[in-house]
Every structure is written in C-alpha cells, then in structure tokens.
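Asker: Work out the full structure, taking the sequences as your base and the hints as a guide.
Protein chains in written order, with my numbering: chain X, 14 to 291; chain A, -4 to 294.
The set of hints was computed from the structure by calculation and includes no laboratory data.
All of these numbers come straight from a predicted model, not from anything done at the bench.
Among the clues, some could well be false.
[Said to hold, decoys possible] Stretch by stretch, here's where chain A covers chain X in the computed footprint (C-beta under 8 Å, at least three residues): (1) 194 to 201; (2) 248 to 260.
[Said to hold, decoys possible] Stretch by stretch, here's where chain X covers chain A in the computed footprint (C-beta under 8 Å, at least three residues): (3) 22 to 30; (4) 171 to 180; (5) 274 to 281.
Ideal Cβ positions, reconstructed from N, Cα and C, are used throughout, including at glycine.
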Amino acid sequence: MRRGGRAAGLVRHAALAALAAVYLYPVALMVVGSLKPDASVLPELATWRGLFPERVSLQNYRDVLARVDFLRYLASSAWIAAATVALGLAVNAPAGYALARLRWRARRRALAFVLALLVIPFEAVAVPLLYQVSWLGWRDTYTAQILPFAASAFSIYLFYSFFLDLPRSLEEAARVDGAGPLRAFLLVALPNARPALATCAVLTFLAQWGSFLWPLMVTSGERVRPLPVALAAFHTLPPLAWGDILAFAVMMVAPVVVLFLLFQRWFVEGMAWTGARG
Amino acid sequence: MRATAEREEARAARLMAAPALAGLALFLALPFALAVGLSFTDLRLGAPRPPTFVGLAQYAGALADPRFQRALVNNLVFAAVVVPVQTACALGLALLLHGRLRGRALYRAAFFLPVVFPMALVAVLWTLLYAPGPEGPVNRALSLLTLGRWSPRDFLHDPAWALPAIMAVSVWQGVGFQMVILLAGLQGIPRRLHEAAALDGAGPLRRFLHVTLPGLRNPLAFTALVTTVLAFRLFDQVRIMTRGGPAGATTTAVHEIFETAYVRGQLARASAMTVIFFLAVLGITLAQRRLAAHRRWEA
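Answerer: Okay, here's the thing in structure tokens:
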C-alpha cells in the first residue's frame, strides 16, 4: 500500500507513539514502582509520581532477596527451561527429520499419531499426568517439570514441515558421497535448520519460563518451585508490600526481556513463521 | 546392496523418531487414555477401596454441576468477546505498522513485549492496576475518560466486572502475537494486487475489503483458532486474580478441573470434566478448520 506525503507519515508516527505509550504504561509503572518505597507505590500509582518518583532506591530488591529465596526460584526456572529446550531439540528435530525425509514402514502411522496428538492441549492431560507422576514418585522434582515436556507434537510438526520444504539437493550430495542417513541429518540438514531450531527453542523456553498450572500442581515446597508459582505465592505473602512484589516481577522478567531484545528476530519471525504454516 | 541401504535407512529413521514418539506416548497419549478410563470410575484421591465402574455417572454429575456449567459459559463468553476484539486490535496495529515506516522495529517490539511476559506476572501486575478506589490507575483512567462521571469500583470483586477485567488483561498480553502474524500476512500480499485495484478506481476502503482482507484469510483463520483455544485453556489469570470468584463469575473449565482434582481430590469427576473440555476444544478446532477449508474452496 502506498502512503503518500510527509503529513500522513507524521500522523502515523503520532498515532503509533501514543498507542505504544498507553500500551507500555503498565510496564513503566511496574519498573518505577519497584524502585519506590513500599508505602508510596499504591497511593501515588495513578499520579505523575507513579512515573516520576521523588526518590529511587534498590531497597525493594534487597527486601525480596531477604524475604524469600529468590535466587533458588530463579535457578529452578532457568534449569527447567534450559533442560527442556536442550532435550526438546535433541528428540524433536531428529523425529521431524525421520518423518519428513526417510523411508520406513511405520512412517505414515507415526505421522498420523503426531498429528492426532497435536489437538490435545496440556490441560486435558494434567490430572491423569499428576496421578502418573505421583505413582512414579516424581512429585516435587525437576524431572516431573522437564521430562513430560521434552517431546512435543507441535515441535515435531514444526521440524517436519521445515525439513519438507528444505531442498533435498544438499543431502543427496552427501548421500552420494557415502554418508548414511544419520550423518546426512547431523552434518547437512541440521546446520541448515537454524530457523526451525531457533523457533522451537524460543517457543519452548517461553512456555516453560511462564508455566504455572503444572508446577502449581506438582510442587508443594520451595525446593523445585519455579518463578511464576513463587510470584503468585509472594503476591499473597503478608505483609502486602507492592514495591517488593514489583521488584520480584522485574527480576523475574528481566532475563526474558534481555533474551527478547538480543534475539528479537527469532522471537518475532518464529511466531510469524508458525502462523504462516498453520 | 540397495536392500542394505534401505534397511539402514529404516533403522536410522526408527532410531531418530523413537525417543520423541516414546515421550509422546508416555506423557500425552497414555495420560489422555487414562483420563478417559478414569472418567468411568469413582476414583478419589486417598480413597481406601479400589475404584469401581460407574458408567456415565461422572459425566452426568459434571454436566449437572452449576459451577462447571458456569465455567463452560464463561469460556464461551470469554472467547466470543476476546477473539473478535483482539483480532480487530491486532489488525489495526498491523495496518498501522505495515509499509515503509522509520522505527518500525521499535514499535513492533513495544507491542510484542507483553507476549514474552509470563502470564502469572501479567496477572499480578494488573491486580495492582485494578486497585479499587480512586488511586487505582484503571479507575483513574476511566474517570478521566468520562469527565469524572465514573465512580471507582473494585473490578475483581464485582460480579459484573471481574470477567471483563480478565478479558482486558488477556487482550493486552496477547494482541502482539496476533499482530506479528497478521503483519507477516500483509507483507505476503503482492503489491501489484493493490496497484491493480487502485487503477480500477477502488478507494482505500474497497481495497481493504477486497484485497487486504481476502489476502489475510489464512493468518486470520489461524490466529482466530489459536486465540479461541487459548480462551478455553484460560487458567493462570483467573487463579491469581480472582480464584474463579466472585461467586463463580470468572471460573473456567480448567479452573474447575483444577479445583475438583487438586483441591477436592475427586480424580474421576475431574477426568470427566477433562474429557468434556477436550471435546469442546476438538469441536472448535474441527469447526474452524472446516470453515477455513470451505472458504479456501470457494476462492
């Protein structure tokens, strides 16, 4: 669409800037509020002091670290997310490749199995999975929060459609040179699959970093509790101190925002690509 | 020689697919089958006697349960409001961002940012924004917009306002995701279609209706499906902001499943609810796929 004129451009910029300001206002309140004394967060929230405080300090951050074991929650979340991403890539990429590229007898049935499971949302298995995990003695473990999420029908489908679209010529050259299917996958297909790997890693990471229902069900103590469940508990932990809660929130989201700013391309393109495939 | 190569390929394929397929079987297919199986029993957590077969009694009980009925209605209302509103907002933003624009990446990042926020954090932050009384930012904003005629209310404890409040939070968090997909869709519409329409004398509105919207058919169908399914999976915001209250005004299917299984220990009843929930999600997915396929066939 052609849009003419400097005036039209200015109007567009003004509209976008105004919308973005309104849109990010809650985020700004969160960051500023985390730097203000607890007692003045709520009373001054909707005034201009909500964005431009009289004094700022890191006291709330010190309070959070003193009141709860924040670093333990952070380490738990980081480990759960990192391990799930690594395991997920390790099992889903080869599965997608085998389904897209290799000839084997059960291929069609395996593909139908994956596609059928694609429509089952996690919430539809949470209750029996809790039963299963309790029976295995995995309650209050990292294993229960990592292992069930490694294999993913969605990730397999993502790799499957990526490898279907990848030109065959590269691998065929390798195969002619005597490389077996495994070597062709590892040395030729995988290095060319960076967009799919990045998309899958980002989506798995976000899902695990934000996961709430399952850890709420499967963890009862502090030991393996991840950040979202810890935040919900901290939010209702007396005394109610909004400065502390916001400081907790900022520390919880900072790693994701840094990752987002560094790898913005993969976040945005990954989601757009998924949309185009759907 | 050829036969060995084929056998080697089949063996490698099985080796590569086995771990993921085993994981899916163990942690998705098996528990799903278990949910179906348990829904025909009377299993309770910590019950002394083994479960017995009770037929469809759990389904009858779940469907007769006023809280579960309320939950399903809430999910429907939530989807019926959030899907069109969020899609319209996302489309508006995508159109504003489409085309040559300095600083586009910055704007896009701004609207996309909440998508990477954990929902638990979004829920806690908005609990603060919905603070009752005139010092709450949402109350303050509505008071400014209505020139002081708005009387402050306690959104999350008001039976009429609690669900709309949660809807607004969900739109705020999710609109960037839809925007990014629609923006990619807009970039996929060939420029010459717009130019041809303009040559034929079509104004901006007609070009939007006859070129842009049909060109966005697939991304729109996809985002609508994802948002509808997400509306049915609604849990985190509800758990943190209202616990389903006041008086069931914001409870959802997943929240009732959680309460029934985890708080009350009625695993069989929760399994029946799970199956009903799954059938609802499946129905929506199939209906929307059929609609999308139908429109594609017409075109």
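Asker: The structure should be examined with respect to each hint, and the outcome stated for every one.
Answerer: Each hint tested on the structure:
Residues of the region 194 to 201 of chain X lying with their CB closer than 8 Å to a CB of chain A number 3, which satisfies the three-residue condition for coverage. Remark: the region 248 to 260 of chain X is confirmed as covered by chain A, as 4 of its residues place a Cβ nearer than 8 Å to a Cβ of that chain, reaching the required three. By the rule of at least three residues with a Cβ nearer than 8 Å to a Cβ of chain X, the coverage given for the region 22 to 30 of chain A holds, with 8 such residues. Under a criterion of three residues with beta carbons nearer than 8 Å to beta carbons of chain X, the stated coverage of the region 171 to 180 of chain A is upheld, 6 such residues being counted.
Look at the region 274 to 281 of chain A against chain X: 3 of its residues bring a Cβ nearer than 8 Å to a Cβ of that chain, three or more, so the hint holds.
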